[in-house]
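Undergrad: Each chain is listed here by its residues.
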Amino acid sequence: MAALRGAAGRTFATDGELETYVDSLGLAVSGTFGGHSPCVEIVTGGSDFVLCDLGTGVRPFGQSVIARHGGAPQTFHVFMSHVHWDHIMGFPFFAPAYRPGNRIRIYGAHAELETALRRQQEPPSFPVDFSALGATIEFMRLEPDRDYEIAGLNVRLMLQRHAGDSYGYRFTAAHKTVIYTTDSEHTLTDLTESQRFVDFFRDADLVVFDAMYSLADSISVKADWGHSSNLVGVELCQMAGARHLCLFHHEPVHGDETIARVLAETQRYEELARPDQTRPLRVSAAYDGMEIVL
Amino acid sequence: MEFSSRRLADVVVAAPAGQIDHPNAMKLQRALTPIVDEAAAGKNPLVLDFTGVEYISSMGLRVLMVAARQMKSGNAPVAIAGLQPEVAEIFEIARFRFVVDVFPTVRDALVALSAPAAAAYGASRT
Chain A
15 MAALRGAAGR TFATDGELET YVDSLGLAVS GTFGGHSPCV EIVTGGSDFV LCDLGTGVRP
75 FGQSVIARHG GAPQTFHVFM SHVHWDHIMG FPFFAPAYRP GNRIRIYGAH AELETALRRQ
135 QEPPSFPVDF SALGATIEFM RLEPDRDYEI AGLNVRLMLQ RHAGDSYGYR FTAAHKTVIY
195 TTDSEHTLTD LTESQRFVDF FRDADLVVFD AMYSLADSIS VKADWGHSSN LVGVELCQMA
255 GARHLCLFHH EPVHGDETIA RVLAETQRYE ELARPDQTRP LRVSAAYDGM EIVL
Chain B
94 MEFSSRRLAD VVVAAPAGQI DHPNAMKLQR ALTPIVDEAA AGKNPLVLDF TGVEYISSMG
154 LRVLMVAARQ MKSGNAPVAI AGLQPEVAEI FEIARFRFVV DVFPTVRDAL VALSAPAAAA
214 YGASRT
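For the record, the sequence lines run as chains A and B. The opening residue of the first sequence carries number 15 in my numbering; numbering runs sequentially from there. The opening residue of the second sequence carries number 94 in my numbering; numbering runs sequentially from there.
By construction, these hints were calculated from the structure, which means they are not laboratory data. Keep in mind that a hint or two might mislead.
[What the hints assert, rightly or not] Quick list of simulated restraints, FRET-style, between CB atoms:
| hint | chain 1 | residue 1 | chain 2 | residue 2 | range |
| --- | --- | --- | --- | --- | --- |
| 1 | A | Leu39 | B | Thr198 | 38 to 44 Å |
| 2 | B | Glu182 | A | Asp219 | 50 to 56 Å |
| 3 | B | Glu131 | A | Asp37 | 55 to 61 Å |
| 4 | A | Arg19 | B | Pro178 | 54 to 60 Å |
| 5 | B | Glu95 | A | Thr206 | 21 to 27 Å |
| 6 | B | Glu182 | A | Ala17 | 41 to 47 Å |
Glycine included, each C-beta is placed from N, C-alpha and C at the ideal position.
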């Protein structure tokens, strides 16, 4: 409706003019933030694929890999924040898992990682058992607060507050650092807790941050629900000297307009909270298919 | 951050001032705790005079949340007054308008909470 109202009285002589108009509308009007559950790819420049979590986003990712590379064998490295359903539910629909010759290495700190992925493919939940998957699938247990070298990346995990625990990841390669920190609650009860995250985020080029709730909700009616807010994301990134905050794990009841409004408010809070003499923190909101070049 | 408080009839008016960032939030909590304990126990209204507050972080807002919940659980009224425009923006972004009643001025808050305190405030300003 907003797009049609905005177009009233205008003329578009070429497709280019039409595309320019559509681009001017903003994502909440011209498209959608989408609704896939968490799956983030980190493109390293190497031949292997690197992913964070196996939410529903892994299905279109798998299709795109097949479209680009056909049936050639591929290796996938998957780093799991935790094994709650929204973070594993895409795997049964990940087509490369069905192809012999492919290799999938799934890393995480949870002892029940393999069990969780196998169980969701048992009857009556799914018709194809995990054992029928054609790819070679390996599970690799990692420990927090240790450095690993995997797929050309330096990888470090950090324990986060979430039911059943979750883990944030710090990936570094070629002097670029990405933080993946989702399903992580910040209680704001002591400075030590905040400092632990500031140290983990230090000088990151990109922080993918759980900003599911408003601050008021996260510390009142939704305290102990295991998620954080946009305000806390801004503050931790500013204290850490990070360059780009990407709001992630949007509240499912929020529509596109609400997410766009939260993004605009977060960008304004970044201005209000920014210490003097410090560079601006870029703030964006994740959407399906988003690409960020570091 | 600076902090002062005064009593007007049955109301305590607490007035932090300056930047309530993370370190100062801990100072605010220490200053506010005994005042909230006493006001909640006595069911006396509390007004937080934010006229001099320039910024408040998430940790500072949490201190306010805890204070407001303690007051409400004790059936003691609580209000915030005199938000500067930028602090009012932060309250809106954090969705704090649902947490505690906000009034434009201390006088407005006192009129709403206690006639004797409003009268005492008026007398103190003349």
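Undergrad: Hints first: check each against the structure and report whether it holds.
TA: Hint-by-hint comparison with the structure:
Checked against the hint of 38 to 44 Å, the C-beta distance between leucine 39 of chain A and threonine 198 of chain B comes to roughly 41 Å, which is consistent with it. The given range of 50 to 56 Å is broken by glutamate 182 of chain B and aspartate 219 of chain A, whose C-beta atoms sit roughly 28 Å from each other. Separation of glutamate 131 of chain B from aspartate 37 of chain A is about 59 Å and conforms to the stated range, judged on CB atoms against 55 to 61 Å. Judged by the Cβ atoms, the range 54 to 60 Å given for arginine 19 of chain A and proline 178 of chain B is violated: they are separated by roughly 31 Å.
A hinted range of 21 to 27 Å for the beta carbons of glutamate 95 of chain B and threonine 206 of chain A is consistent with their spacing of about 25 Å. The hint said 41 to 47 Å for the Cβ distance between glutamate 182 of chain B and alanine 17 of chain A, and at roughly 29 Å that hint is violated.
Violated hints for the displayed structure, listed by number in ascending order: 2, 4, 6.
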